[in-house]
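2 protein chains.
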Amino acid sequence: MSSSEGDNYLFDPELLKNLDWNSMNYAVSPFITNEDPGESWLLIRPLKIEDYDKGYLQLLSQLTSVGNVSRSDFEKQYWNMKKAGGYYVTVIVDTRNNQIIGASTLITEFKFIHNCSLRARLEDVVVNNTYRGKQLGKLIVLTVSLLAKKLGCYKMSLDCKDSLIPFYKSIGYKCEPGNANSMMVRYDAPKADSPS
Amino acid sequence: MSSSEGDNYLFDPELLKNLDWNSMNYAVSPFITNEDPGESWLLIRPLKIEDYDKGYLQLLSQLTSVGNVSRSDFEKQYWNMKKAGGYYVTVIVDTRNNQIIGASTLITEFKFIHNCSLRARLEDVVVNNTYRGKQLGKLIVLTVSLLAKKLGCYKMSLDCKDSLIPFYKSIGYKCEPGNANSMMVRYDAPKADSPS
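Chains as they are written, first to last, in this note's numbering: chain A, 1 to 196; chain B, 1001 to 1196.
Keep in mind that the hints were calculated from the coordinates and are not lab data.
Nothing here was measured: the structure is a model prediction, and the numbers come from that model.
Take these hints with a grain of salt, some might be off.
Think about it this way: if two alpha-carbon atoms lie no more than 20 Å apart in a straight line, the pair counts; the simulated SDA-like pairs of lysine to any residue are [what the hints assert, rightly or not]:
| no. | chain 1 | residue 1 | chain 2 | residue 2 |
| --- | --- | --- | --- | --- |
| 1 | B | 1169 | A | 178 |
| 2 | B | 1083 | B | 1052 |
| 3 | B | 1161 | A | 178 |
| 4 | B | 1174 | A | 163 |
| 5 | A | 161 | A | 115 |
| 6 | B | 1155 | A | 108 |
| 7 | A | 161 | B | 1185 |
Over 10 Å on every C-beta distance to chain B, these chain A residues come out as not near it, computed from the model [claimed, not checked]:
| no. | residue |
| --- | --- |
| 8 | 17 |
| 9 | 36 |
| 10 | 40 |
| 11 | 69 |
| 12 | 97 |
| 13 | 98 |
| 14 | 133 |
| 15 | 138 |
| 16 | 187 |
The beta carbon of each residue, even a glycine, is placed where N, CA and C say it ideally should be.
Based on the sequences and whatever the hints tell you, model everything.
See below:
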């Protein structure tokens, strides 16, 4: 891949190579990986600006309110993320129709604790619900989880609804006893209608 | 304040002025704010590199394992945060002995959802436990929470132990029914001994 092609991605696609899938083989059956996702028409790669036209925001709207995001808004936020660093938005593409059918985001955070370590967070996981039965949820979450491991993060955390606990448990996430609460405060309502 | 002084802070100290404390007056009694913290010797300000020598890491070690962080490690991570942006590490100083006695961190995240909004997280809250009874926990958490509001974040979230739920409820945070779980996976052990 030429560097000019690499420049089109939110992060270096080379980072998605040789992830430690063997550590998760108990959880994935039949065994698939981001590099061998079980169907020849599935492609897992970093987000590109062009994904604005490939249904990325429409996919996110299955998860929560997205609002009316113009291409200019999208590009501005893409470059905010790329400039800041630490944003690993990863997508699944159906290459037959060039549509984004799954996505998740790894965000890394600099810490002073734990020897100035790196912490990871999982955000905005969504899979088009017409593609059930292909383990795409596991595939997209484990891809970014194994990327966090590769980047040297000491832990990765997520917030989720009660109904999703069994799913995340099945791929190695835990509720730590006495320390598994997520709390929040909401400020001004977003312009769109249903917050998450 | 000259711009050269401003350059010494992790973020612009002007941001901590005129926060919306009136919205929290039900929770703070007697009423104090970051600009009027109740004692003339208390100062709330952004982190500085010099805080390495003022007990900032020793304070963090009351919270979790910090490890053996050299001044060079600390400066490197400080500049990583400053360059990335979105890191608002805020401290309470006892100006009588120039020691850091409280700290909390606001981290902001760029999102595509909710009209390309900004989300906030609360991290690494700690107050020296010899300074009890001065509402310093409320003071340091609300300072960064009101900063998140001022920055236009649509929500601010935190992960906490069961024992801290009443404290955070008392200052406006909620466990949303059916959606208040924090899960995690740990990777290689950090160099230091007790993770958090």
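Each hint tested on the structure:
no., hint, in the structure
1, B:1169 - A:178, "holds (17 Å)"
2, B:1083 - B:1052, "holds (19 Å)"
3, B:1161 - A:178, "holds (6 Å)"
4, B:1174 - A:163, "holds (19 Å)"
5, A:161 - A:115, "violated (32 Å)"
6, B:1155 - A:108, "holds (19 Å)"
7, A:161 - B:1185, "holds (17 Å)"
8, 17, "holds (18 Å)"
9, 36, "holds (23 Å)"
10, 40, "holds (29 Å)"
11, 69, "violated (6 Å)"
12, 97, "holds (22 Å)"
13, 98, "holds (19 Å)"
14, 133, "holds (24 Å)"
15, 138, "holds (13 Å)"
16, 187, "violated (5 Å)"
When the structure is compared with the earlier hints, violations turn up for hints 5, 11, 16 and for no others.
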